[in-house]
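Novice: Letter by letter, the chains look like this.
Protein chains: 2
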Amino acid sequence: MSRWAIGIDLGGTAIKAAVVMEESGILTERSIPTETASGPAGVVVQLASIISDLYRGALLTLDPERFAGTGLGAPGAVDAEKGVLSYPPNLPGWTIFALRDELQSCLKREENLEIPVILENDANAAALGEAVFGAGHSFRDFLLVTLGTGVGGGIILNRKLYRGPNGTAGELGFMIIDFEGEAVHAGIRGTIEGLIGKEQIVALARRMIEASPTGSSVGLLCNHDYTRLSPRHLEKAALEGDELSLAVWNRVGSILGVGLASVVALMDIRKFVIGGGISAAGNLVFTPALEQIRRSTLPPMHEGLELVPARLGNKAGVYGAAALCFGGT
Amino acid sequence: MSRWAIGIDLGGTAIKAAVVMEESGILTERSIPTETASGPAGVVVQLASIISDLYRGALLTLDPERFAGTGLGAPGAVDAEKGVLSYPPNLPGWTIFALRDELQSCLKREENLEIPVILENDANAAALGEAVFGAGHSFRDFLLVTLGTGVGGGIILNRKLYRGPNGTAGELGFMIIDFEGEAVHAGIRGTIEGLIGKEQIVALARRMIEASPTGSSVGLLCNHDYTRLSPRHLEKAALEGDELSLAVWNRVGSILGVGLASVVALMDIRKFVIGGGISAAGNLVFTPALEQIRRSTLPPMHEGLELVPARLGNKAGVYGAAALCFGGT
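Protein chains in written order, with numbering that gives the first Met the number 0: chain G, 0 to 328; chain S, 0 to 328.
Since the hints were made in silico from the structure, they are not lab data.
Treat each hint with caution, since some may be false.
Any copy, or any two copies together, can satisfy a pair, since identical chains are not distinguished.
[Stated by the list, open to error] Derived DMTMM-like pairs (lysine to aspartate or glutamate); straight-line CA-CA distance at most 25 angstroms:
#1 LYS270 to GLU80
#2 LYS81 to ASP267
#3 LYS81 to GLU302
#4 LYS270 to GLU290
#5 LYS81 to GLU109
#6 LYS235 to GLU209
With the sequences and hints as input, model every part of the structure.
Specialist: Have a look at this one:
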């Protein structure tokens with residue numbers, strides 16, 4: 000019988016959790032709103048309760064002897080060894096918190112359960128999820144790129160998570176590709192996230208529309224209220240052939256490609272799995288990105304270059320958190 | 000008694016070789032001009048002859064039982080497992096060559112010696128040299144930066160060489176920091192090497208001198224013949240207080256710092272060992288580089304940032320080549 004684990008993705012908006020089978024993937028899943036107002040202690044109670052629910056439910060059909068534990072992906076800097084989470088963005092009021100030990104204690108105290116918990120950064124967990132259950136399965140080494148509000152990354156080397164010496168590796172969005180440019184984001188000039196984060200893509204489109212003499216059909220999609228303009232509108236218009244929207248995506252892909260060329264040069268990684276909400280634009284971004292990687296790297300580095308869409312969508316986090324328990328790292 | 004090995008650094012100008020003791024470093028060393036005109040076969044004979052000389056000389060005082068083998072660092076892409084060197088720059092006429100096996104055969108045929116050879120890329124060997132015998136000894140993880148004609152790098156993770164999935168990792172000079180800038184180098188826009196390679200530093204200084212209303216005292220050092228201007232002149236003038244030369248080094252350091260900030264973001268490496276001819280400028284480059292890394296990274300990544308000069312100079316290659324034989328990787 001397959002081993003099973005509980006995977007949890009703790010976010011600022013929702014706690015997603017699932018019972019994951021090592022062989023076949025998600026068996027059951029839950030999602031509840033994160034009670035951010037109740038602070039770390041309140042969130043720990045929420046986590047313990049959802050783990051307890053899933054665990055007791057699973058025992059109706061699954062063998063407790065085959066239970067591999069609980070993995071928990073959380074935003075912010077994670078010391079995986081100590082189980083400590085530091086300054087998670089989107090969780091107001093959290094500073095430095097021994098999340099793993101607090102959760103294990105709470106499980107014992109409130110739910111009478113002794114369950115081991117493994118804590119990991121959420122982007123790392125997502126990368127591991129794609130590595131074990133998703134688009135990265137056939138790659139020994141790859142970078143998971145998350146295109147969304149921000150631009151994130153998770154690195155898999157030799158099928159294992161690469162955390163870096165201090166556990167903060169994979170911050171693709173904070174690589175710098177335009178050090179003399181105008182974009183300053185989080186106080187740093189010319190970062191990838193500062194150029195193609197979600198808001199920055201929309202702002203780029205607005206600038207291009209303003210500067211365009213011929214205009215764009217994307218205006219029809221947002222009733223010419225450009226404060227409502229979204230990447231979805233740009234995606235739709237581009238697929239309908241709108242030149243300006245196509246130009247926006249070409250530029251987004253090209254900027255991403257420049258960044259990934261630096262990853263090729265430094266780490267010799269040539270496989271890229273692209274996820275996150277913005278990646279819904281698919282080949283509108285992927286094609287120019289791959290072309291740009293080729294233009295921006297030396298020919299001996301072109302062999303084996305691949306850029307593929309992520310497969311697990313917003314479930315990569317729970318998959319990866321569970322994979323932590325299967326020794327996927 | 001200490002183990003010993005022969006380390007060789009094959010360059011386009013010279014072959015440097017040494018007998019290296021595991022505990023105490025270089026015992027004896029040689030340097031001969033590389034006979035590039037004689038092609039791969041001729042260079043292999045040169046290598047075999049210098050190895051034989053060093054080996055037989057060493058046996059006068061050293062125990063053959065403690066001999067760990069020969070390590071060979073070479074420019075270009077190296078497949079360390081297969082012992083194959085591909086397209087080494089500065090070795091005209093070389094394409095893809097089974098250097099390790101050819102050298103072992105030649106040692107047997109010409110010198111009647113059965114000596115195992117380990118082949119490695121020269122920048123990687125230099126990084127390993129600094130890791131085992133030099134400035135990187137106290138760092139578990141670091142990037143060796145080589146500032147010279149080009150800008151190179153070698154990555155040490157967990158005290159071992161990080162070669163990358165295809166053996167081409169560490170190409171710091173081909174990371175892109177100015178994708179919309181004017182500098183195009185080896186066909187790629189905005190690379191670090193295209194901005195602060197040796198020639199590019201001199202060209203930057205010339206542009207700044209031309210644009211300067213007040214001029215620079217560096218002209219005195221090259222007899223106002225700016226075709227003869229060198230980084231050494233700029234170093235000397237800066238140390239004498241010449242504002243323009245100081246500004247040149249500030250800019251070089253700042254550009255290096257931007258690139259290293261991307262290394263911090265992606266790999267979470269926070270220790271940098273700086274070598275190569277240009278690194279003779281020392282704090283003229285190091286100080287603005289470290290300041291720029293801080294400006295260009297998020298505060299949580301500042302902890303533990305260090306930037307130190309390499310210690311082995313142009314001997315890092317032979318040290319590292321020997322270290323390959325001591326299981327340093």
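Novice: All the hints need checking, so say for each whether the structure fits it.
Specialist: Verification of the hints:
For the homomeric pair LYS270 and GLU80, the shortest alpha-carbon distance between copies (22 angstroms) is at most 25 angstroms, but the shortest distance inside one copy (28 angstroms) is not. For a Cα distance limit of 25 angstroms, the shortest separation of LYS81 from ASP267 across copies, 18 angstroms, qualifies, whereas the shortest one inside one copy, 30 angstroms, does not. Proximity of LYS81 and GLU302 under a CA criterion of 25 angstroms is satisfied inter-copy only: 18 angstroms between copies versus 40 angstroms inside one chain copy. Proximity of LYS270 and GLU290 under a CA criterion of 25 angstroms is satisfied intra-copy only: 14 angstroms inside one chain copy versus 33 angstroms between copies.
For a Cα distance limit of 25 angstroms, the shortest separation of LYS81 from GLU109 inside one copy, 23 angstroms, qualifies, whereas the shortest one across copies, 58 angstroms, does not. When the C-alpha separation of LYS235 and GLU209 is checked against a cutoff of 25 angstroms, the pair qualifies only within one copy, where the shortest distance is 19 angstroms, while the shortest distance between copies is 51 angstroms.
Comparing the model with each earlier hint shows no violations; every hint is respected.
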